[in-house]
Amino acid sequence: MVVVGAVVALLIVVMALFADRLAPHPPDDQNFDLIEARPSRAALLGTDRYGRDVLSRVMYGSRVSLYVAVTSTAVAMLVGGAFGLTAGYVGGAWDNAINRVMDVFFSIPGLLLAVGIAAMRGPGVNSAVVAITIVYLPVFARVMRGPVLAEREKEYIEAVRALGASRLVVALKHLLPNVVSPFVVQGTVAFSQAILIEASLSYLGLSAQPPTPSWGNMLNEGRTYLETAPWISVFPGIAIMLAVLAFNLIGDGLRDVLDPNA
Amino acid sequence: MDMTRRQLLGTAGLSLGALSLPRAARAQAPRAGGPLISAQTTEATGLDPQLVPALSRSRRSPLTYNQLVRFDPDMTLQPELAESWQVSPDGHAWTFKLRQGVKFHDGQEFTSADVKFTFDRLLEKSQAGKSDFNAVDKIEPAGKYGVKFVTKEPFAALPAALGGFFGFIISEAGVTKNGGDLNKAALGTGPFILDDWKVEQQMVFKRNPSYWKKGLPHADQLILRVIPDEANIVAALRTGQIHHAFIEDNKNYNLLKDEKSLTGYRSSRLGYDYLNMSANRGPLKDVRVRQAISWAVDRAQVMRVATAGFGRLTAPATAPMKQWQLPEAQWMKYYKPDVEKAKKLMAEAGVAGGFTVKCMVIPTFPTMVSGAPVIAQQLKRIGITMEIENVEYAIWIKRWIAHDFDMTMNSTPGYGDPDVAFFRSLHSTKGQNWNSWSVPELDALLEEGRRTMDFKKRKEIYDKVQVMILENVPHLWLYSADLIDFTQATVKGFRQHPTALLYGLEATGV
Amino acid sequence: MTRYLVVRLYSMLLTLLGLTVLVFLMLRLIPGTVVEQLIGADAVVSPAMVAELKRFFGLDQPWWLQYARWLGGLVHGDLGMSWRTGKPVLALILERLPLTIELTLLAVAFSLLLGIPAGVVSAARRDHAVDNVTRVGALLGLSIPVFWQGTMLILFFSIYLRWMPPVVWVDFWADPKGNLTIMALPAVCLGTASAANIARTTRACMLDVLRSEYIRTAAAKGLTRRLVVLKHALKNALIPIVTVAGLQIGILLGGTVVVEEVFTLPGVGRLVLWSIYQRDYPLTQSTILFVAVMFMTINLGVDLLYAWLDPRIHYSR
Chain A
0 MVVVGAVVAL
10 LIVVMALFAD
20 RLAPHPPDDQ
30 NFDLIEARPS
40 RAALLGTDRY
50 GRDVLSRVMY
60 GSRVSLYVAV
70 TSTAVAMLVG
80 GAFGLTAGYV
90 GGAWDNAINR
100 VMDVFFSIPG
110 LLLAVGIAAM
120 RGPGVNSAVV
130 AITIVYLPVF
140 ARVMRGPVLA
150 EREKEYIEAV
160 RALGASRLVV
170 ALKHLLPNVV
180 SPFVVQGTVA
190 FSQAILIEAS
200 LSYLGLSAQP
210 PTPSWGNMLN
220 EGRTYLETAP
230 WISVFPGIAI
240 MLAVLAFNLI
250 GDGLRDVLDP
260 NA
Chain B
0 MDMTRRQLLG
10 TAGLSLGALS
20 LPRAARAQAP
30 RAGGPLISAQ
40 TTEATGLDPQ
50 LVPALSRSRR
60 SPLTYNQLVR
70 FDPDMTLQPE
80 LAESWQVSPD
90 GHAWTFKLRQ
100 GVKFHDGQEF
110 TSADVKFTFD
120 RLLEKSQAGK
130 SDFNAVDKIE
140 PAGKYGVKFV
150 TKEPFAALPA
160 ALGGFFGFII
170 SEAGVTKNGG
180 DLNKAALGTG
190 PFILDDWKVE
200 QQMVFKRNPS
210 YWKKGLPHAD
220 QLILRVIPDE
230 ANIVAALRTG
240 QIHHAFIEDN
250 KNYNLLKDEK
260 SLTGYRSSRL
270 GYDYLNMSAN
280 RGPLKDVRVR
290 QAISWAVDRA
300 QVMRVATAGF
310 GRLTAPATAP
320 MKQWQLPEAQ
330 WMKYYKPDVE
340 KAKKLMAEAG
350 VAGGFTVKCM
360 VIPTFPTMVS
370 GAPVIAQQLK
380 RIGITMEIEN
390 VEYAIWIKRW
400 IAHDFDMTMN
410 STPGYGDPDV
420 AFFRSLHSTK
430 GQNWNSWSVP
440 ELDALLEEGR
450 RTMDFKKRKE
460 IYDKVQVMIL
470 ENVPHLWLYS
480 ADLIDFTQAT
490 VKGFRQHPTA
500 LLYGLEATGV
Chain C
0 MTRYLVVRLY
10 SMLLTLLGLT
20 VLVFLMLRLI
30 PGTVVEQLIG
40 ADAVVSPAMV
50 AELKRFFGLD
60 QPWWLQYARW
70 LGGLVHGDLG
80 MSWRTGKPVL
90 ALILERLPLT
100 IELTLLAVAF
110 SLLLGIPAGV
120 VSAARRDHAV
130 DNVTRVGALL
140 GLSIPVFWQG
150 TMLILFFSIY
160 LRWMPPVVWV
170 DFWADPKGNL
180 TIMALPAVCL
190 GTASAANIAR
200 TTRACMLDVL
210 RSEYIRTAAA
220 KGLTRRLVVL
230 KHALKNALIP
240 IVTVAGLQIG
250 ILLGGTVVVE
260 EVFTLPGVGR
270 LVLWSIYQRD
280 YPLTQSTILF
290 VAVMFMTINL
300 GVDLLYAWLD
310 PRIHYSR
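Taken in order, these protein sequences are the chains called A, B and C. Numbering-wise (numbering that gives the first Met the number 0), the first sequence opens with residue 0 and increments by one. Numbering-wise (numbering that gives the first Met the number 0), the second sequence opens with residue 0 and increments by one. Numbering-wise (numbering that gives the first Met the number 0), the third sequence opens with residue 0 and increments by one.
Incorrect hints may appear among the rest.
Said to hold, decoys possible - Cross-link-like lysine-lysine pairs, in silico, DSS-like; alpha carbons within 25 Å at most:
1. B:Lys-183 - C:Lys-53
2. B:Lys-212 - B:Lys-197
3. C:Lys-86 - B:Lys-124
4. C:Lys-53 - B:Lys-124
5. B:Lys-197 - C:Lys-234
6. B:Lys-183 - C:Lys-220
7. B:Lys-397 - C:Lys-234
Stated by the list, open to error - To be clear about the criterion: a stretch of chain C counts as covered by chain A if any three or more of its residues have a C-beta under 8 Å from a C-beta of chain A, and this derived list gives those stretches:
8. 153-163
9. 232-245
Stated by the list, open to error - Rough simulated footprint, nothing fancy, chain C against chain B, three-plus residues with beta-carbon under 8 Å:
10. 174-188
11. 227-239
12. 386-400
The set of hints was computed from the structure by calculation and includes no laboratory data. Nothing here was measured: the structure is a model prediction, and the numbers come from that model. Glycine included, C-beta positions come from ideal geometry on N, C-alpha and C.
For reference, chain A alone in the conformation it holds in the complex:
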């Protein structure tokens, strides 16, 4: 299963990286002789109302999905992780302050928070990045803080400290490696969910804006053609599902290896 997931994920990443070489047409190339054409040899996944090639748009659409998911997850992991590490290791007032701020973000359901932030920032890919980052940041802070709290009481940490290592060195060199597993597992889960949230935002018109193709906004555009040209919305949907599934499978596999207790 994990292997299947990894292969699919790899294919999607390759598709995103080399979309310009792999796609049969540029994504916004209009062909007025081939409007809303069903899948055929000329257009494998059919065309949309401008005669644009759905396959090419699905391929280019993967760029938006992956860009948003990678950026937001990475930033949230870095910043959230740093907050969690600080809160857990330094403790005291820092812990308290960070926790309070995180609580504020935890007080609204995640998806509503994402939609709200994106709507307030105005539509755009970067709004999606900001929204998803803000939703995930406290999650990562919390996932980091818990194990750090438990770990810092352990003897070996005290020992290293006694040897005169600075707090920063202790935190990064000794603490971090011992608490990183659940954090990474959470990262893969978050990554696949980020793809889903981005798609939702796109679908609501809050992420990538047409004519830039993204899976979510293709679905939205295709929605009004469900009866006459279902292929416009069916294929981007399948793409989303495959991508999320692939990264979920990898997450499951990682969990079994890194964090067997969870």
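Take the given structure of chain A and dock chains B and C to it, following the hints.
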């Protein structure tokens, strides 16, 4: 009594005959009853017939209000609350004789005081509405049932303006009663009385029992539902859950036109979609560049994508403005795409290498969204890179008012009279001048047209105006989407109106 | 217990205070105000008119004063008046709240009814075909975008089965059958991911318990497999399952915003989005706050329930 075979056949034949009668004949006898349920995708932002300029408001205003005069579906002016009118010999005053015995929803009688109150409030408070009546100096009651509009200069378009989107008659009592705010309430002389309004869900109207048009309205109750997703409106029509719907996405006409249980209506719209350009920005300053853009854009393709082919290309005066139409041959020649000519003009203007412009689009306006990429592709052929900027409605308005854009996709409900249509948008100093341009000859013509009462002379002037517009390209008239409505086949008496205003519902019965 | 509750409530209050600042400031950072919304496109606008409208909505005052006013109202239980509708915010929320709650509850019910049996069967028949199908199904359930599932279901029902739920929302109490026909598809879409989560949790917990000593003893005593699985194992696995389910309620509450958009249901989620687009500050601010209170209360309830189910837990952070 047993029915003989022949009688049976006879009645069957009769009913078949009735079914095959032309639509107009069938529609003659709507019965009273209700509720009549109508659906649309957009909610009204507010109901004040003077302060809210949005079409969603204007469409609903005829349900609760009347104007002094109103445009028939064939765009000729008909008496409404005014029975007749005439202009003074010097052209400086219009006198209207008012209909007697008309009552507002609160029972008060409609008189000249209400007309004065209406237009005093409009001129004082409504920046949007005022520009329809810029030439009006003051309103003087002439007895209880007469009213005189005194104008600063001869103003030929006054009756047309009165039949426009800002001509609905309100009463002072109605304003006072609602604390000065007419956005959530409506107190007029119209066929329906607003009963209840759940925002983004539905408005419920009840029949005005003392409506001055005898026997109208037919429906006891009218429910206007907001169903934001037009796919659901299509489904609701098919399953008989609503009686009438105004279809905004024209490709849905294909989905419904063959349904036996529905009656489809399709006609030319007064409004049109256009591409606005700021004539004071970069290369767009040069008329040759704007001309090049006009030659490069294939309007038929834009129309085909945006309206699924249910529309038509249009001169500055659209098809329903029949008496102001230019002969088709005269304007169509400007719309024949000619990339070579466009490139040549670009070269003459010194921008053969092309340039980049930004074009605003409001994501929630389907025709803007769908038309823009087609234009972008077409402009690429002459080296112009048109970047599409998706701008949320609130921000779009802010920038529109500030004239802060290179280009924008746009759409208008249209105007009944060429003065109202062109003066405000194109006069460089006295109008709004959305294109930030200046053509002094055009300004002079527009002013002359406003002062000229004789129809033949006016027509000559506006023919010239239209050609001048086509030559100088302040914006591109792209197309006029057809107006599409569907009703259940059982619904009688519905008529479309080129403005898309809901005038037709007062005579509609289920 | 009381002390724990007091501490939690106190921290909730602090959080809410932080949230008010956050939401208030974020709203003020969006370009455009309600004034542009009201003016509309075709308008001729004088600066005087803009100024008058700004004054009318109190937008001419410094932000801290606007904030203080809002907060002052909140303290007195006044959520304010919506600018675009002229109605009290609380009334607007209460009008739409039943739908959102109903949608959430139906989705929870769906996910429990599907998730728990699936998880139990999957665990009991580990590595059999049923187990594999359930596991893949659960993964798919986690991967399918809500809105796409919704679109596909609508496509399937309306075009291939020629069936369509009523398009106009009806209240449950006015027409229960009509209401449930409308809500069925949205609830299924909303609940799918949760069902998958619950199935996975149930399976994992059941496997844990089934491995444990006393279950083996019970089996050794000759009790039927069915009895062992259902009575002994499921009972013990139920605590973590309930916790996961409880947490799902909160997540589902957030999910309603998307589902309500897709199915155009007039619920609280769409109210929030609409109010943001309309720049109806009082409506956005107070509705978000309201949802936050609900969300935090649910989570507190889940914690308390968990503590009650498992007395070993400590009441500390």
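Subject >> Pair hint outcome, Lys-197 of chain B versus Lys-234 of chain C [Cα-Cα no greater than 25 Å] >> reply: Violated, at roughly 48 Å.
Subject >> Assertion that chain C covers the region 174-188 of chain B - criterion: three or more residues, beta-carbon distance below 8 Å >> reply: holds (count 3)
**OP:** Assess, step by step, whether the Cα of Lys-53 of chain C is no farther than 25 Å from the Cα of Lys-124 of chain B, and give holds or violated.
**Re:** Given that 25 Å is the threshold and the Cα spacing comes to 15 Å, the pair holds.
Original post:
Do the alpha carbons of Lys-397 of chain B and Lys-234 of chain C lie within 25 Å of each other, as the hint requires?
Top reply: With Cα atoms ~61 Å apart, Lys-397 of chain B and Lys-234 of chain C exceed 25 Å; violated.
Original post:
How about the region 386-400 of chain B: do at least three of its residues have a C-beta closer than 8 Å to a C-beta of chain C?
Top reply: Our answer is that it holds, as 9 residues pass the Cβ test (under 8 Å) against chain C, meeting three.
**OP:** Take the C-alpha atoms of Lys-183 of chain B and Lys-220 of chain C, compute the straight-line distance between them, and say whether it is at most 25 Å.
**Re:** violated, 74 Å
Original post:
Count the residues of the region 227-239 of chain B with a beta-carbon closer than 8 Å to any beta-carbon of chain C: does the count reach three?
Top reply: holds (count 9)
Original post:
Do three or more residues from the region 232-245 of chain C put their C-beta atoms closer than 8 Å to C-beta atoms of chain A?
Top reply: Violated - the region 232-245 of chain C has 0 residues with a Cβ nearer than 8 Å to chain A, which falls short of three.
**OP:** Compare the distance between the alpha carbons of Lys-86 of chain C and Lys-124 of chain B with 25 Å, and conclude whether the hinted pair is satisfied.
**Re:** With a Cα-Cα distance of about 24 Å, the restraint between Lys-86 of chain C and Lys-124 of chain B holds, given a limit of 25 Å.
Original post:
Are the Cα atoms of Lys-212 of chain B and Lys-197 of chain B separated by 25 Å or less?
Top reply: violated, 29 Å
**OP:** Between the region 153-163 of chain C and chain A, see if three or more residues pass the 8 Å beta-carbon test, and mark the coverage as holds or violated.
**Re:** Per the Cβ count (3), the hint holds.
Subject >> Given pair status - Lys-53 of chain C, Lys-183 of chain B, alpha carbons within 25 Å >> reply: holds, 19 Å
In this structure, the hints that do not hold are numbers 2, 5, 6, 7 and 9, in rising order.
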